Structures are given as structure tokens and as C-alpha cells.
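Student: The residues making up each chain are set out below.
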Amino acid sequence: MATRTDVRPAVPMLGVVSERSTLLPGRESRPNRRGKLTALLLVFQGLFLGLFVEFVRYGPPAGSPAGSGPTIDHYYPMFQDVHVMIFVGFGFLMTFLKLYGYGSVGFNMLVAAFVLQWATLMRGFLYMEDNTINLDIKSMLSADFAAAAVLISYGAVLGKTTPVQLVVMAFLEIPFLVVNEWIGTVQFQALDIGGSMFVHVFGAYFGLTVARMLYRPEASDSTKEGANYNSDLFSMIGSVFLWMYWPSFNSALAVGDGRYRAVINTYLSLSACAVVTFAMSSAFDKDGRVNMVHVQNATLAGGVAVGTTADMMIQPWGALLIGIIAGTLSTVGFTVVQPFLARLKFHDTCGVNNLHGMPGLLAGVAGVVASLLKLCELGDRSAAVQAEFQMAALFVTIGIALLGGTITGIILQLPVWGKLQSEELFDDRANWEMPGDEDDCEPQPTPSIITDAE
Amino acid sequence: MATRTDVRPAVPMLGVVSERSTLLPGRESRPNRRGKLTALLLVFQGLFLGLFVEFVRYGPPAGSPAGSGPTIDHYYPMFQDVHVMIFVGFGFLMTFLKLYGYGSVGFNMLVAAFVLQWATLMRGFLYMEDNTINLDIKSMLSADFAAAAVLISYGAVLGKTTPVQLVVMAFLEIPFLVVNEWIGTVQFQALDIGGSMFVHVFGAYFGLTVARMLYRPEASDSTKEGANYNSDLFSMIGSVFLWMYWPSFNSALAVGDGRYRAVINTYLSLSACAVVTFAMSSAFDKDGRVNMVHVQNATLAGGVAVGTTADMMIQPWGALLIGIIAGTLSTVGFTVVQPFLARLKFHDTCGVNNLHGMPGLLAGVAGVVASLLKLCELGDRSAAVQAEFQMAALFVTIGIALLGGTITGIILQLPVWGKLQSEELFDDRANWEMPGDEDDCEPQPTPSIITDAE
Amino acid sequence: MATRTDVRPAVPMLGVVSERSTLLPGRESRPNRRGKLTALLLVFQGLFLGLFVEFVRYGPPAGSPAGSGPTIDHYYPMFQDVHVMIFVGFGFLMTFLKLYGYGSVGFNMLVAAFVLQWATLMRGFLYMEDNTINLDIKSMLSADFAAAAVLISYGAVLGKTTPVQLVVMAFLEIPFLVVNEWIGTVQFQALDIGGSMFVHVFGAYFGLTVARMLYRPEASDSTKEGANYNSDLFSMIGSVFLWMYWPSFNSALAVGDGRYRAVINTYLSLSACAVVTFAMSSAFDKDGRVNMVHVQNATLAGGVAVGTTADMMIQPWGALLIGIIAGTLSTVGFTVVQPFLARLKFHDTCGVNNLHGMPGLLAGVAGVVASLLKLCELGDRSAAVQAEFQMAALFVTIGIALLGGTITGIILQLPVWGKLQSEELFDDRANWEMPGDEDDCEPQPTPSIITDAE
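Residue numbers (full-length UniProt numbering), protein chains in the order written: chain A, 1 to 454; chain B, 1 to 454; chain C, 1 to 454.
Everything labelled a hint here was simulated from the structure, so no lab data went into it. On a predicted model such as this, the values are computed, not experimentally measured, just so you know. Cβ atoms here follow ideal geometry from the backbone N, Cα and C, with glycine treated the same way. Treat each hint with caution, since some may be false.
With beta-carbon atoms standing in for the labels, derived distance ranges [unchecked claim]:
1) A392/A x D73/B: 48 to 56 Å
2) M128/A x V53/B: 46 to 54 Å
3) G46/B x K345/A: 34 to 42 Å
4) A392/A x R381/C: 55 to 63 Å
5) G399/B x Q413/C: 52 to 60 Å
6) P217/A x P217/B: 29 to 37 Å
7) Q187/B x T71/C: 31 to 39 Å
8) G46/B x Q189/A: 31 to 39 Å
9) G379/A x S68/B: 34 to 42 Å
Coverage of chain B stretches by chain C, computed from C-beta distances (three or more under 8 Å per stretch; other residues unrestricted) [unchecked claim]:
10) 235-246
11) 256-264
12) 278-291
Starting from the given sequences, assemble the full structure and let the hints guide the process.
Tutor: So this is what it looks like as C-alpha cells:
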């Protein structure tokens, strides 16, 4: 027994060592990335500070007791729900990768915190009055929406970029996103209360294009790209929070009774979508079992698909119908479309095309139909004209996403940013100090409690 | 033992295989469940869609700018708290089972999404005006409450049913629940603002009865029915969210200053309950250690026990007293009552009798006492009469729960639904595609990072 | 390799046994703690009940339909955010310890639930009118703030005390905290809307002093004091919820447009802090990798550092600047200051000095500067006088924290409370029944699904 136990802790070490030697290059052969991320982030943060000094002020009412503007009591609760979706929702949803949990929730936080500032500035420049960007709860909400789009793109390249490349991608994506949103909402007066086109479709196809540009065959056959039992449960934390708070996402910026409808419609669409997702997932397994990937992702498609029409008079059954189609579409996407795209070298780590892309297109089409059926505020436009502009906004969004993604992909390939080595794909050890690093060579005294506990 | 154990875990892979061969029937011998769940869910979802087309519309103010009705600003924040309790709270609380985490949080989502629609319809039919069911935030809240009851019942049969049986149970439970609530609130005018009787007592005893009907001796001695270190921590996510948001559950539908009291009383009752739970849990262990099962569950009993009287003038110390009794009652339930019930073939996986059943009965009794003490709105009734109706509502609830559970249990035993094989109890592999299934026979290159990390 | 790997997983079983025998004293040799925690908690809970009966009533408007007072609609959403920070935020942030997850989230709940009642009473005695403590949503918020301070202190001694010592610490800390807050806010009229001085600085240095008094050399070289892959992800749940809801913490009690600014400033400070934390963390690693400890903690320093000035006219760029300094300060704290303090026998398990202590001092200084710049409400005071009182409040807070911590540390060393044995440090098995305890000697049939899943 004594000897046995003496032997014991030695063994994990072998695992580690072999791990280290076979799967990750030794320290000597690994590229030393020190300094690059630090420099990039400090430069950008300094830039943001300077631009804030120059341009950004409190908007009313925060700026003056007398001022009038969007009130906290009205917007803040929904703002916080959206905030949770960005940081917990997207962050944990992506932790399904068994070896990339740190990168998923950690870099999610970095990218989001970066975008909250950068999007505030870029949107501000487009909408500023007399050279001042007025900050209020609505501009904060819009910045969170912009972060959502970038995080969707992150999902497509998850595990395949360095943090440096990620930050550069976020920096480049925002201008395209902001311009596209401006064209769609200001120029075309297209309706998209939940950002299904301007956030989800844009983020998904921007990200897919970047993933295509950065394509590496070895990514497709990495044994590290997968989940384990615990990582799937961590991922469900994100999934469930996205599911619950999605009504806030689709209604936060809606006005009057439209806000009310946005809550009801999203709640109903998601419910139907979840039920249908289980039905379809079970149908695709030869033993009729359910697939956790579908539950984590396809159940959310109903929130995306109803986003454009959420505040319209589509009636409760219209919301259910959209949810039913979305759940089917998204599950089929994971089982049929994603493998097909992979063969075309569109390697989509999180399947954003299935959760955000196709359901977003469905939302866009629903918006066109709803316009034709006069279910929305038309102002002085005819239904047909509104429908045309809805369609135009959808196509322009796809176009700018593809264009922006291509340009970004080209820039991300510049050697200056560096890239992951093949063994570093989907592996936190490339970017994170791992627990136990400091005492690699001592026996680890504790793991058995974990096994013990099992 | 030595050799056995030495051999046993040898190589995860072998483990898997042996696992598969010894603990779960091979694919060939396993019943092919393909199609059944899919058909059932699609039929129900189609039915819901049809009934929504025919009967459900937006209630005011969502339906019309001019309309008046419950406002979003007033109800939505508490509604979202309740929503989180349903999907994160109940979902993760049940993940304590080391091999049933997917089923806990996954099927929790399926059942809840199913019930949100079904309960909206069934309640709607009882309360509809001129053949129209008006949807508003209050009806959405009531649907979430109904989901809570079904999920409590799910807790009693957790790990012992197929998803098909679960959906059938949910479908059958709702009519009984809605009728009971109608008798209690409309006919008896009984007060139960937090649904301690109509949700917790009903859900617990309905579920226990179903569990009794489906009793299988092998369930009691399954080595799979237990927690491990990580599953206990996942379960705490659900427990803590239930604990924090319970004040919203008990006050969301309260009016005027009663709503305020419901928040304060629930907050106080839960605080006292948590403290007492640690005291009692430690008292029951021979080394004075604390039991995680008690912390996850008994700490919540204070929320249930104060539910009926939450909005009454029971005074802060009254809330503390109820919480103290609830924590004691629930801990004793887990240590003494549950093993006893198990011998009577009431196998209660989550111990819902301890968290929802007995504390719910306590809440009902507290309601009777509070009525006699004139601590509530009596209208034109005498205190004695109100007390009688409170008592009647409690007994009717128990009666309908037992009746409904019995009928449901009988129906669930019909061969058409299928059932789990003995080896499939408390085991996700019966219903879920597992990570690694696709590459069962290759060595897994990664576990050592996990061990490494430990 | 074959044989090697064959041998490896065999060990966990033995591991369990050896674990038990070598790392924790056998049941016989272990001190039997039964009764002590139970008695202590029941006595205190009984005391609380008695004092509530005597003194505590519903404040308006909860007490009377006619009454006027803080409304639920205005305060409740932010109150719930703060509530989540206390129970999920602090609770899960501390689960980073691989063997102390139960104690982190479990005792966090116990301490918080205890303090919610005790702080309500102690604050009430200071502010009561005609012998009655009026409970309302604002007093509940203040109780949650007090809980935050005690939980910060808990972070400094995490894993090094028995639950009995913890409860005694909480009981003793509250009077000091309440008196300090009273001196600062009532006597000095010092401004500290986010409690950076009265909660964070106080809690951090009170806890550090207690940790110093209880110092044990063996704690510093325990191999159990560390994270593993899953515990780090659990910790991120707490970290992200603290990060998201911090704007509510800093603005919940602010009034008028100051509340609005508090939300905006905290949101911005945290964003800049997160970006800078990643930059600094990467700079400190020889390979430029990021450290999860910094991401979990230093990203939050921006919320602390802006707490005192959150509702002032510091302008958005001022908030960014504070966040940038805070992120740098906190990361340097973890990498440079903490090891230094450890040599002085200040063993700070969670690094509360880096997250709460130094950023809190920064907040205090920012408050002085903001006063001098007339960025706050000065009433009839001159800027210089206000600045002096801000400074005085900061120093008094440090003084009372050190004094209170010293006294508490002395009392906690009394043999009557008992203490952990060396092998019990940072180890849940000292205080918690572990899953699998009941079937120690049978082979565990299930772990392989976990490994399988990996």
C-alpha cells in the first residue's frame, strides 16, 4: 500500500508531462508572446481614454438635475438582463469546450469590456450633437448589443485565435457593425427591435467569414474540440441565462405597448422553440436520445428568429409559429448544414450559423412578411415599400458582414499578430497560466478527493 | 478487493467499455426509443399552436396603445426573478446527481417550456372572457408558477422516468393543478400569495404519489443515486438563486403594501431558516459536520413556509419564527422522515417532501392561524370563516394532488410510454448522447489536463 | 506507455484510502466538534428572534396602506442585484479553492444570512426612533452591504477557520462596522455612496488583521491552497456576477441624477479595469499568458475604486481613469504585494487586499480629490473641509478595522471555539460530510463516465 500510494501521485505527472511534451510544444520551442497583448491593450485603452476626455459627457438626466432623458427605473432592469446575457450568457455558453473554459469565459469578458467602450465611441461619432457624445442608459444598451455581435463572431473562431487576434478583430468589426446599423435604421428606417439582422446575422456571417479566412485543416481533426460532462454543464449556465433573459434583449429598446408585445412574443417563441428542439434532436439520434449541443444552442433560436418582429402585432400564435420553425431550422443546421459548411472550410466552432445566422435570416424574412401584412408601424410608407426596405437591410447586412469579415480576416493573417501553433488549438494552456504550473514537479496530493467524491 | 479495485478504473477507456457493458445494456439490447419523444412533442406543440390561433390574444395594454392593464415596469423585474427560479433554480438544484446533470437541467427546461404554454391555455379556459384568452404579464407569471409545481413533482421522480413519461406527467398534472387553484382561490377565496399550498404542497404530493405508483425496488439501491464534488457545486447554483429570488416569488402578485411585506417577510424567513438549517444539519452528524443536501434544500424551506402569509401583518418576528420552524422541520425531514417514507416505497429523489411538502403544510397552517388572528384582509368574512376556508383549501389541495397523482401514475405505467431499464436509472446515458460517444474506442488525449489542474 | 496508463487510473481508489489516512486524521483522532456550532447558532438565532419581537416593525409603507416611504418599484431591482452579489458573487468567487468549494459557497450563505439579521438589529439600534426599528427596503440594502464587508473579511481567512470561529467573527465585526459607518456618514458627513471605505476598506483590513492574529506557518505551505480547472470556472461564476451587478451596488442608495451617474461611472470604470487587468496580467507572465486569479479578482477593482465618487460629476473619462489605475494597482497587488505581505505573516487567502483593500484606499483618495475639485454636493461646507472629512473618514475606517480585527483575533484564539488541525486547512472534509462517505470501501461504479466524457 505504502509503495502503491508513493507511486500514485507520480502518475498524473506522467500524464502532465506526456501531455506537455506530446500535445504542447515545450517552453523553449513555444513562441514567447510576452508584451504583445499588453502593448495592444494599453494602446487601445489609452486611445479610448483620450477620446472620452475629448468627446464623451453625461447625457441628460445624468448630467443635470433638471435634464430629461431615458430614466433608470424604466430601462435599468432590462439593461441588466442584457448585461447578464453578454457576460454570463455568451461567456459560459462557450465553455462547452473541455479544454477552453478559461478562454471562453475569460476572453469573452475581455472582448466585451473592450467593445463597451469602443462601440460607445464609434456609435457616438455617428450620432453626436455639437461634437459631444451624450452617454445615457440607451447608449449603454446599444454598446451591449454591439458586444453581442462581436461575441457571436468570437463563437465562430473560438479556440482558433490568439487573444491579440481577438482584440484586433473586435476593433475592426465595430466600425462595420455601426455603419451597417446606421444604414439599416437611419437610412432605410428598417425595423429590427431585437437586432436579429444588425446584431445576429451581422455577427454570425462576419465571424464565419473570418473563420473561413483563418481556416486551418488541423483544426477540423483536433481531438480537443469537444465537450466533457462538466464543461457541458458549465455551458448550460450560459444557455439558460440567455434563454430566460432574451425577452429583455428583444424589448429593452421597444416603446409603448410594443415593448409589452416584445416580452410576450419572445417568451412564447422561445418556449415553442425549446419543445421543438428536443423533438428534432431526438429524431436525429439513431437511439432517439437528445443531444446536449442542440439543447444548449437550438433552444435559443426562437429568441433570434422573433427579434425583428417581436414588438409587432404578430399575435401570440405568430410567435409560436416562428419559434417552431426556428427550433427545427437550428437543429437541422447543427446536424446537416454545419458538417456541409465544414467541408467548404467554414469551420464554425460554436455553430453560430445555426443559432444566430439562419434564425437571423428567418427573422429578417419574418420582418418582410409582417410589413406586407401591415403588422407594424408604417408611418407614411406603404406596406410594400417598408417590406422592400426590410429586405434591403437584410441583404446590406449580409454584404457588409462578408466584406468586413474578409478584410478583417486578411488583416488578422498579418504575421505581426502572431498565431496559434497547431497543438495550441482549443487549448487554454496556450494563453493561460494553468493551476499546478508552479508545482509541476511535485506530486499533486489532492485529486483523489474529486474521484473519491464521485 | 485490492486486485478488483486495481483493475477497475484501469484506463478510462476500459472503464468506459466495461461501464457500457456492465452498467448499461448494449445498443442491441437497449430499447430503441427513436420517434416516440419526437412524435409526442410535435403533436402537443401542434395542438398548442392550434389552440393559440383559436383562443389566445394580447391582453391590454399589449394589445392596444389605449388599453390599460398590468404594466411591465411594475411586474417585469419580479417576473424575471421567478423565471430564473424556474429555469436556473430548479434546473441546477437537481444537478446534484453525479450522472444525471444533463437530465436535470435539460429536461427541466423541456418540461418548463412545455408547461408555460399548456398552463397558459388551461388557466385561460377557466378564466377566459368571450372566448378569448388575454395574455399579459400576470398570466405569464401564473404560467411560471404552474411550471414550478410540475418541476417539484419532477424532483420526486428525478432519474426514474423517460422524457416521454415526464411530458405525459406534465400534461396530466396541469389540469388538476389549475382546477385545484380555481377551487382554492375563486371558490374558497383562500389566501396563498406565494402558492405554498397551490404550488408547493400540490406539486410535492402529486409527485410523491406518482413516485409511489412507479416504485421500483432497484431504484433504492442504485449506486448511481448520489452526488460528487462537482455536481454538488452545480446544485448550489440552483439553490442560491432560489434562495435569493424567493422574495420575488412570494410577492410578485401581491398588491399595495402587502407586496412590500411579502418581500420583507420572505427575506427574513429565509435568513432565519438558513441559520437554523446549519445548526440542525451539524447536530445530526456524529462529527458535527454539515451536510450539503441540507444546505442545498432545507435553507429554502423558509421561503415555502412563509408563502401563504407573506403579505399579511405577521410582523418581522413572525417571519423569523416561521423560518426557524421551517429549517428545523426540513432538516428533520431529510434525516428522519425521508428514510421512513422510503421504506413505505415513497422513493423521493430530491426530497421534495422535505423542501416543499412539509414546509408547505406549515405554510397552510400558518395561514389558518394568521386568519384567526385577523392578520389578513378578511373582507366581509369573520376570522373563523376565513380560517375554515384556508383549512379547506389545504385539505382539498392534498386530496386533489393524491387523486391526480394516482391517476397519472396509473397512466404512466401503460406500456405505450415505455420505461427505463434498471441499469438506466439515474443515468444520463439512457437519454442523452454523451460527449466522447463518437470516439469511444480511441484513447482520450486530454483528461490529464484536468488531473494536472487538480 | 500502455502499462503506464494502465497503472495510472488504478490509483484513485487507493488514493481515497491513502487520502483519508495520510491527509486527514482518522475519526478517532479528530476532534469531535458535534454540538458546538449547533448551540452557537441556536443561541444567536434565539437572541435575534427576541430582539425582533421587542424592537423591529415594518416601516412605512409596508406597515400601513397610507404610509409613505421608499418604494419597491424604485429600489427592488437594484436590491436584488446586490443580493445576487452577496450570495452568488462572493459565494462562488471563493470556490476557486479546489478542496474548499462547499465551505466557500456554503459558509458564505451561513455568514450572510446571519449578518442580514444581526446588522439589521445593530444598525437599527443606532438609528431607531421611539424604540422601534423600522424595516424597509433601504435597511435591507444596508444589511446586505454589511454582509459584504464580513464576507470580504471571510475571504482573508478562507479555509483557515472553523464555522464556529466564522460566526463569532461575524458577530463581533458588525458592531465595529456599524459604529464606523455611523461616524463616517453621520458625524463626518463623508460621502461614500458605494461603501468603498465603509464596506471594502473596512472589511479587507479587519479580515487581514484577523488573519494575522490567527497566522499559522503551515497554512502558507499547504499544497491544498490552490485551484483546479473546474474550481476556477466555478469561481468565474461569482466573479462575472459581481462584475455585472456592481453598478447596482454603487448606485442603489444614490439619489436623483447621482444615481444615474453612479450606474454610468461604475460601468465605465469596470470596463477599463477589465481591459487593463488582462494587459497587466499578461505582462507579469514570462510567456505572456494570462493568470485566472487576476481575471477573477483584479477585473473587479474598478468597481471598488469608483465607489466613493460614483455619483459625483467625475465625468465618464474620470471613471475610465480610475478603472485603469485600479486594474493596474490590483494586478500589481496580486503579483508583488501579496507575497510581500505573506512574509509579514499576513496570509490573505483570497487576496482581499488586492481586490478590496488597496482599490478601496484609491477610492477614498479619489473622494478627497473630487471634494477638492467641487465635483460633489458640498452643502454649506467648503471644498477643503469636505476633503478633510473624507480623509478623516478613511483614516478612522482603517483605525477601527485594525482595532476591531485585533480584538476579534484575540477572542477567536480562545480555546473554547476550537480550531482546525493543520491537515484540515483548506479542506472541506473537516467541516462537511463528503459524498461517498457512506460507501468509502466499495468501488465507485461511476467515475468513468466523467473520464469517458472528457
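Student: Any hints this thing doesn't respect? Which numbers, in order?
Tutor: 1, 6, 9
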